[in-house]
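By the working numbering, the letter at position 100 of the sequence shown is numbered 100, and the numbering carries on one by one without gaps.
Don't take each hint at face value.
[What the hints assert, rightly or not] DSBU-like cross-link-like pairs, simulated, lysine-lysine; straight-line CA separation at most 30 Å:
{"#": "1", "residue 1": "Lys39", "residue 2": "Lys100"}
{"#": "2", "residue 1": "Lys20", "residue 2": "Lys33"}
{"#": "3", "residue 1": "Lys86", "residue 2": "Lys100"}
{"#": "4", "residue 1": "Lys20", "residue 2": "Lys86"}
{"#": "5", "residue 1": "Lys20", "residue 2": "Lys6"}
{"#": "6", "residue 1": "Lys86", "residue 2": "Lys6"}
{"#": "7", "residue 1": "Lys246", "residue 2": "Lys189"}
{"#": "8", "residue 1": "Lys6", "residue 2": "Lys33"}
{"#": "9", "residue 1": "Lys100", "residue 2": "Lys20"}
{"#": "10", "residue 1": "Lys100", "residue 2": "Lys33"}
{"#": "11", "residue 1": "Lys6", "residue 2": "Lys39"}
{"#": "12", "residue 1": "Lys209", "residue 2": "Lys189"}
Keep in mind that the hints were calculated from the coordinates and are not lab data. Computed from a predicted model, the values in this text were never measured in an experiment.
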Amino acid sequence: MASTNKTTNYELSQFVGSDKPAWLGDYNQDMVKIDAGMKDNADDITTVNTTVGGHTTAISGLTSDVSTLQTDVSGLGTRMTAVETKNSEQDTAITNAQNKADTADGKADTNAQNITAQGLDITNLQSDVSGHTTAIANNASNITTVANNLTAFENSMKIDNFTTATSLTTHVSQVSLTLAQSDDSAIFKIYGRLRFNDNESGGAFTYTKTAVPGLSGNYGFKTSLQLTNAPDEAYAIADAMLVNSKYETGFSDIASAAIAVGTDGYIYLWVNTSNTITVNAYHSRQCWLAPCIYFNTNFGDEPEANT
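Starting from the given sequences, assemble the full structure and let the hints guide the process.
The following block contains the structure:
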């Protein structure tokens, strides 16, 4: 900005503390004024020298004017020195400002890098969240599938279809047999008891057994108990029945016998290769089936020998 004050004679720049010199507007203008003034003075001096002989008094006055001008020029030089000092201070301030700007640029670059890195972290986090969301959805689907399978398995394990038999054939008493099975007959439970030749005084009695369908060469007592879904192949269950013989003088040791499931789905008792069993007079055979759960499939059991 221009100087606040001007000199009286030449209107040269006089600055106060808040002024900021404008070289083109202040200094150059002052130099023009000074140059013009000095040129005028030089011209005057030349004129004076030409007329010096006749103008001694004027020369004396001009000398005084020149002395004054020199004083003014000296003052102007002092002011110029102050201006140069101020300019140096301003250069230092500009340098400091530039350094601060460079530092700010560096921090801005660092912040930009940090923001970019954080953006990548957020992207990775979003990807992880998306992956976990998908995994959770898949797990939920798997849990639903497992729950459905468990429910189906539990339902298949329910044995709530009961059938009872209270008779078998002649000379068989105390018949109490029960069959329970799952809805699909995949598992079943059979239990109970019966007694052969209960009429001990009636003499010996020979029982004729029935061939087990699908189990070639094996015979058993066909019950009225039938699985809803018959197996694809007949099979025997070894040692499923316990047999005890009663004599006049006591009881014999307990033996075991097989049962079988035919391809017709019926349960057969006391299964072996003999198609008859004879029980003598005053003898009886007592049989028990422990309450066991069986799988409706062939495990390769072989019926016991004739009991």
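For each hint, the structure was consulted:
Taking the CA atoms of Lys39 and Lys100, the gap is near 48 Å; set against the 30 Å cutoff, the hint is violated. Of the pairs offered as hints, the one joining Lys20 and Lys33 holds, with about 20 Å between alpha carbons and a cut-off of 30 Å not exceeded. Restraint check for Lys86 and Lys100: the C-alpha separation of about 21 Å stays at or below 30 Å, so the hint holds. Proximity of Lys20 to Lys86 is assessed by CA-CA distance (about 9 Å); at most 30 Å being required, the pair is judged to hold.
Restraint check for Lys20 and Lys6: the C-alpha separation of about 15 Å stays at or below 30 Å, so the hint holds. Using a Cα cut-off of 30 Å, the hinted pair Lys86 and Lys6 holds, with the two alpha carbons roughly 19 Å apart. Our distance criterion of 30 Å between C-alpha atoms is met by Lys246 and Lys189, whose separation comes to about 28 Å. A threshold of 30 Å between alpha carbons decides the hint, and for Lys6 with Lys33 the separation of about 12 Å falls inside it, so the pair holds.
This hinted pair checks out: Lys100 and Lys20 have alpha carbons roughly 22 Å apart, not beyond 30 Å. Our distance criterion of 30 Å between C-alpha atoms is broken by Lys100 and Lys33, whose separation comes to about 40 Å. As the CA atoms of Lys6 and Lys39 are separated by approximately 21 Å, the hinted pair is consistent with the 30 Å bound. For the suggested pair Lys209 and Lys189, the alpha carbons sit about 23 Å apart, so the restraint of at most 30 Å is met.
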